[in-house]
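Visitor: Protein chains in written order, with this note's numbering: chain A, 1 to 674; chain B, 1 to 381.
Please note that a few of the clues may not be correct.
Below, in silico cross-link-like pairs of lysine-lysine (BS3-like), each with a Cα-Cα straight-line distance of 30 Å or less [said to hold, decoys possible]:
1. Lys621/A / Lys599/A
2. Lys288/B / Lys2/A
3. Lys266/A / Lys637/A
4. Lys298/B / Lys105/A
5. Lys266/A / Lys354/A
6. Lys193/B / Lys599/A
7. Lys298/B / Lys646/A
Simulated from the structure, these hints should not be mistaken for lab results.
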Amino acid sequence: MKRLDVLVIGGGPAGISAAIAAGKMGLEVVLLEEREFLGGQLVKQTHRFFGSKEEHAGVRGIDIVTELTATLSGMPNVSTWLEATALGLYEDGVVTVLHQGRMHKFLPRSIVAATGAFERFLPFENNDLPGVFGAGAVQTLMNMYGVKPAQKVLMVGSGNIGLIVSYQLIQAGVEVVAVLEAAGNIGGYLVHASKLRRLGVPILTHYTVQKAIGTSEVEGAIAVRLDDRWNPVEGSEILFPCDAICLATGLSPLGEILSQAGCQVKYVPELGGDVPVRDENLQTTRPGVFVAGDLAGIEEATAAMLEGELAGLGAARTVLSQRASPWSEEDLEKRVQDLKQKLSGLRAGPVGEKIRKGLGRLRPAGESGEDVPEIKPSQQDQPPLEELWKTGIPTPSQLQRKLPEEARKQPRPFAVVECFQQIPCDPCVQSCPVGAIAPFSTINDIPQVDFARCTGCGNCIARCPGLAIFVVGYQPEKGKATVSLPYELLPRPEKGQVVEVLDRAGRVAGEGTVLSVLDSPRMDRTAVVKVEVDPELAMEVRMVRCPVENVNAQETQQEHLAQPNEEEWAQDPTLPGDDTIVCRCEDVTLGQIRELIQKGFTTIEEIKHVSRCGMGPCQGKTCSPIIAREIARITGKPLDQVKPAKTRPPFGGILFEEVVRSEEESDGGEAYEA
Amino acid sequence: MKRNASVVIVGGGIVGCCIAYSLAREGIKDVVLLERGTLSGGATGRCGAGVRQQWGTAQNCLLARESMRVFENLPDVLGMDCDIELKQKGYLLLAYSGKEMQQFEKNLQVQHALDIPSRLLTPQEARDIVPMLNIEHLAGAAFCPTDGHANPFLTTLAFADAARNLGVEIHQGVEVRAIQQQNGRVSGVTTDKGSIETPVVINAAGGWSHEIGEMAGLDLPVFSERHEILVTEPVNPILDPMVMSFSYNIYCQQTPHGSFIMGHGPENEPPGHNQESSWQFLESMAKKATWLLPPLAKLRIVRQWAGSYNMSPDRQPIVCASEQLEGFFMAIGFSGHGFMLGPAIGTLMADLVLRRPLTWDVTLDLGRFSRQEIISEPSVV
Numbered sequence: 001m002k003r004l005d006v007l008v009i010g011g012g013p014a015g016i017s018a019a020i021a022a023g024k025m026g027l028e029v030v031l032l033e034e035r036e037f038l039g040g041q042l043v044k045q046t047h048r049f050f051g052s053k054e055e056h057a058g059v060r061g062i063d064i065v066t067e068l069t070a071t072l073s074g075m076p077n078v079s080t081w082l083e084a085t086a087l088g089l090y091e092d093g094v095v096t097v098l099h100q101g102r103m104h105k106f107l108p109r110s111i112v113a114a115t116g117a118f119e120r121f122l123p124f125e126n127n128d129l130p131g132v133f134g135a136g137a138v139q140t141l142m143n144m145y146g147v148k149p150a151q152k153v154l155m156v157g158s159g160n161i162g163l164i165v166s167y168q169l170i171q172a173g174v175e176v177v178a179v180l181e182a183a184g185n186i187g188g189y190l191v192h193a194s195k196l197r198r199l200g201v202p203i204l205t206h207y208t209v210q211k212a213i214g215t216s217e218v219e220g221a222i223a224v225r226l227d228d229r230w231n232p233v234e235g236s237e238i239l240f241p242c243d244a245i246c247l248a249t250g251l252s253p254l255g256e257i258l259s260q261a262g263c264q265v266k267y268v269p270e271l272g273g274d275v276p277v278r279d280e281n282l283q284t285t286r287p288g289v290f291v292a293g294d295l296a297g298i299e300e301a302t303a304a305m306l307e308g309e310l311a312g313l314g315a316a317r318t319v320l321s322q323r324a325s326p327w328s329e330e331d332l333e334k335r336v337q338d339l340k341q342k343l344s345g346l347r348a349g350p351v352g353e354k355i356r357k358g359l360g361r362l363r364p365a366g367e368s369g370e371d372v373p374e375i376k377p378s379q380q381d382q383p384p385l386e387e388l389w390k391t392g393i394p395t396p397s398q399l400q401r402k403l404p405e406e407a408r409k410q411p412r413p414f415a416v417v418e419c420f421q422q423i424p425c426d427p428c429v430q431s432c433p434v435g436a437i438a439p440f441s442t443i444n445d446i447p448q449v450d451f452a453r454c455t456g457c458g459n460c461i462a463r464c465p466g467l468a469i470f471v472v473g474y475q476p477e478k479g480k481a482t483v484s485l486p487y488e489l490l491p492r493p494e495k496g497q498v499v500e501v502l503d504r505a506g507r508v509a510g511e512g513t514v515l516s517v518l519d520s521p522r523m524d525r526t527a528v529v530k531v532e533v534d535p536e537l538a539m540e541v542r543m544v545r546c547p548v549e550n551v552n553a554q555e556t557q558q559e560h561l562a563q564p565n566e567e568e569w570a571q572d573p574t575l576p577g578d579d580t581i582v583c584r585c586e587d588v589t590l591g592q593i594r595e596l597i598q599k600g601f602t603t604i605e606e607i608k609h610v611s612r613c614g615m616g617p618c619q620g621k622t623c624s625p626i627i628a629r630e631i632a633r634i635t636g637k638p639l640d641q642v643k644p645a646k647t648r649p650p651f652g653g654i655l656f657e658e659v660v661r662s663e664e665e666s667d668g669g670e671a672y673e674a
Numbered sequence: 001m002k003r004n005a006s007v008v009i010v011g012g013g014i015v016g017c018c019i020a021y022s023l024a025r026e027g028i029k030d031v032v033l034l035e036r037g038t039l040s041g042g043a044t045g046r047c048g049a050g051v052r053q054q055w056g057t058a059q060n061c062l063l064a065r066e067s068m069r070v071f072e073n074l075p076d077v078l079g080m081d082c083d084i085e086l087k088q089k090g091y092l093l094l095a096y097s098g099k100e101m102q103q104f105e106k107n108l109q110v111q112h113a114l115d116i117p118s119r120l121l122t123p124q125e126a127r128d129i130v131p132m133l134n135i136e137h138l139a140g141a142a143f144c145p146t147d148g149h150a151n152p153f154l155t156t157l158a159f160a161d162a163a164r165n166l167g168v169e170i171h172q173g174v175e176v177r178a179i180q181q182q183n184g185r186v187s188g189v190t191t192d193k194g195s196i197e198t199p200v201v202i203n204a205a206g207g208w209s210h211e212i213g214e215m216a217g218l219d220l221p222v223f224s225e226r227h228e229i230l231v232t233e234p235v236n237p238i239l240d241p242m243v244m245s246f247s248y249n250i251y252c253q254q255t256p257h258g259s260f261i262m263g264h265g266p267e268n269e270p271p272g273h274n275q276e277s278s279w280q281f282l283e284s285m286a287k288k289a290t291w292l293l294p295p296l297a298k299l300r301i302v303r304q305w306a307g308s309y310n311m312s313p314d315r316q317p318i319v320c321a322s323e324q325l326e327g328f329f330m331a332i333g334f335s336g337h338g339f340m341l342g343p344a345i346g347t348l349m350a351d352l353v354l355r356r357p358l359t360w361d362v363t364l365d366l367g368r369f370s371r372q373e374i375i376s377e378p379s380v381v
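If we strip away everything but chain A, and leave its shape as in the complex, we get (with noise of 0.2 Å):
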C-alpha cells in the first residue's frame, strides 16, 4: 500500500495542471496515465490553440505538452505512472492501480480525477464493420503513431473535433469526402471549416451517416438529409465512396470511477452527459476527491488546464490543512480566485454561453454561488451569421466589412481578416508590429483593422489560430494583384511554380505565380505563401493547390477501393435500422433494445439485466447513452430522468494473475511502503 498527498488519475492537461499545482505545494503527488505518454488528447493536437497569452493562445497543443512536462520534470515530489490504469476507488480510500502487470494500491489524502472524456458512438446500419472509427482513434493512429488510417474518410459531425481531424486527415494525405453535420448549423468554430471549405471539402448541415456499405469492411457510406424533426428524408440520399467513416458525433464526460465511488453525478446535456456535482472548488460530493477537465464537463484544452489547477490546488489544501505550508493562505486564495476569474472570462464570450447554461443546471438546488457571468464582447452590432454557420463561407456582404475604403486598396498591401465569430482568442493583437489591430477589451472582441496603421507585412497570417488573416495587394502597374495566404500542407509550392489556386469553396478559380514561401522556424509550421493572380481574383483566392508529385501514386492507390453496390442501399432509408449493433461488448442490437423497451423494460438497468448490455468491458460506455435516447424516444421520458446503469471496478479488466502479484507483494513485505 502506498501513502501519499493526492493521487491525480489522467494524465491529459487536466490532470498534469492539477499534478504540476499540488506538486508546488511541496506535497507528495502521483500522476496516472493510462497510455504510454503524458498528455492526454493534446498530445494528437497539431493545431494552434485559440485563447490568450496566458493560456498558450497560437502554441499547437502536441507543444504544451512539451511545456508542461518539462515543468512536471523538475518536480521530484512529483512521480509519473504511465501504463498505469486506475481500477477502483473503495470505500475505505484506496485506488486500485493496474501497471505493469500487477494490481497496486494506492492510500491518498486526496484525489484529483481528471479522467477525460469518451467518445459518443452513433448507431447505424453496418456500424461495425472495419473501417468505422472514432474520430479519437483516427487521431491517435495518424498523430501518435504514424498510421495513415485510410484513403478517403467520410467525417460524421461538424464539431471541434470534426473539423480539425477532417484538416489534419488532409495534412496527412487523406481525402476527406464531406463533413456531415445532422444539425443545421456548423458545430465548431467556423474559421476550422472555412480551412476545409477553401481546401474543398463539402460540409452538409442537416445530414447524417445512414449506412454503412461494404461486406468485409468499409466501401462506402450512404448520407442522408434529415427534416426538421430529425427524421430522414426519402430520395435525399447521397453514395460516399468511402473506405473510412469516422464519427465525430460527440463527447462524454468518463466519470465511471466517480459515480462507482458514491459520487453524485447529474445528467447535464449541455457539459456531455453525467458530470459529477461539484462545488465552485471542484471537490465532488465525496470530500477529498476533486475533478478537472473534460470528466468536470466538455470543454476545451485551457479550460481543463485551468480546471486541473484549481482541482489540484483544492486537493493540496485538504491535506495542508494538517500541515505547513510553502505558500501563505492568503497567497493561495488569490491564486484560486484569479484561476475562477480567468476561468469565468474564458467562458464569458458567445461561445462559452453553452458551459454557463451546464454549470447554473449543476449548481445543487438551493446552494448560492456565483453563475458564470456573460460578459458582452466590447463590439455589440455584429450582424447574424447564418449563412456562415451553414455553410463555412463568408457572405460578400459580410467580406465587405472586413475590407478598407476603396481609396486605401493600393498600393500598400492590406489584412483582410476573416474572422467573424466572438471567439476567446487575441494573439492577432500580439502579432502585430505597429499596433493596427486594435487591442481588445475583452478576449472575444472581432478583431477590427485599422486600414491606415496596416502595411500589409503578414505578420498576423502564421500568426491566426484559425488561418483566418489574409494580405492582400494591388499592383496596377503590372495589372496584377497579389495574395498572401496561410499554408500548412506538404510539400510547400516553390518561388516562381505555376499553381492553381482556389477559392473559399475550394474551386479552381485560376491559375497563379509564387512569389515567395516563408517558411522559417518562427512561424512554427505555418508557411504564408505569397501568390500572384489576377486582380479580379484577389478577394477570391485563398488557397493554392500545390503540384504534388506523388499524386498519381495515390490516385493508382484509390482505384483499388471497392465500388460500393448502388442498389443495396437504395432500398430501405429507414434510420437506424433494427439490425443496427448498440452494444459492441455483447453484439446486441437496436432491434432487440426496442423490443425490450415496447415490453416494458424502460430503465437501462433492467435493460441491462436482461440483455447484457453494459455488463461488458466497456460497462455501457457504447450502449447507455443510445439506449438513453432510444428510451427517452419511445416513452417519451425526458433523457435526464433516464438513470445511468451502476458502474462496478475494476475498470478495464484485469488478469487474476496481476491481482494476485498484488497480493504476493503485500505478503512479502512492501517494496514502495512510504
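We have chain A already, so just place chain B on it with the hints.
Guide: Relative to the frame of chain A, chain B by itself:
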C-alpha cells in the same frame, strides 16, 4: 396502482415473484407486488446463479429438487415461452478432510432417498470432470450432474411475466413505508406512491426484510450481511460444473454466456446494508481461484459487486405466517440460497395464505427457534 388488494407482496426478487405467481395460479385475485427498485435488482440479481440439490437436510434437498423440476420444465409449468439459460452440468463439491468426506457420505444418503442422482468421487475422478482442477490436499468430492446454473434475471422475470399474465399487478419503483394494522391484524400498506388496503402482507424483501418486519412491529431474527462476487470476460466453455468447497470457502462456475462467476463468504463482516465492493475481496478471490483452478490466472476480471445475504439464526429460510400479527406472512432469511429454492417457496406460501396443509412436510416457521428445533444444514458457503 390498485388501492385495494387481497395480498400485497413486498419485494420483487425471485421469492416475491415466485410467490406472486403461485398465489395467482391458485386463483387468488387482486395480488399486488411492490418492488422499491427493479425486479431482481437485489440479492437475486447479484447472486452466483447456481441451482443445486446437494443439501444435507432432507427438507432443503426436497425444496431444491422440487424447484429444480420447475426450472427444468419452466415453459411448460408457466405456459409461456421462456429461456432461463439453464445449464445442468453439475455441482462439484470438494472435500479437504476425511471428516468432510464423511459428511458428504451422510448427505448422499439423504439425497438418494429423494432420488437426487449425486455420487462421491475420488480426487482423480473429480479431475476427470474438471481437468483444470488442482487436486492438491483434495480428499474427495461429491457430484450431482443435474445441478447447475440458471440466469437469475431471466428466471425472476419469467415468474413475474407469468404472474402478470394471471392478473398480478407488479409495480417497480414503489417503496413500502409503513404497514397498517386494525384490530390486531394487517389492514394495509403505505407506500411513497399512496396506500393500498389489504388484509395480507407478505414480507419477501430479502436484505430489507428486517425493516419490513419493523414496520409491522416485529423484531424478526434476521440481519443482512455483505457478500461479494465477481465476473470475468466470456471465454469458450472450459468448465462444466459449478465448483464449490465449504471448507476452502469458494464457489465458481462458468455461465452459458462464457463468463466465470465466483465468490466466497466474508470474514468478520459486520451486519448491515453495505453493498460496496472491496479490493480485499478482489485479492482473496484471485488467490483462491487461481490456486484451485490455475488456468484462470490468465482470465480477465471485468466487474465485481456485492449483495446482501439475509441471514437467519440457523442460516435457513423462515417461511411462515406471523403468530403475533394476523395477516402478516414472511419468506425471509434465505442466507444466500433463495434463488434456487424460489419455486418451492412460492408453493409453500400459497399453502400458508390459503391456510391449508403444506405441500411438503417441512419446518420453516419462526417458532422453530423458540422450540429449539434449529435446522442444522452442513452444506453452506
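Visitor: None of the hints should be skipped; say for each whether it holds.
Guide: A quick look at each hint next to the structure:
{"no.": "1", "hint": "Lys621/A / Lys599/A", "result": "holds (24 Å)"}
{"no.": "2", "hint": "Lys288/B / Lys2/A", "result": "holds (24 Å)"}
{"no.": "3", "hint": "Lys266/A / Lys637/A", "result": "holds (16 Å)"}
{"no.": "4", "hint": "Lys298/B / Lys105/A", "result": "holds (21 Å)"}
{"no.": "5", "hint": "Lys266/A / Lys354/A", "result": "holds (16 Å)"}
{"no.": "6", "hint": "Lys193/B / Lys599/A", "result": "holds (23 Å)"}
{"no.": "7", "hint": "Lys298/B / Lys646/A", "result": "holds (26 Å)"}
In this structure, none of the earlier numbered hints is contradicted; all agree with it.
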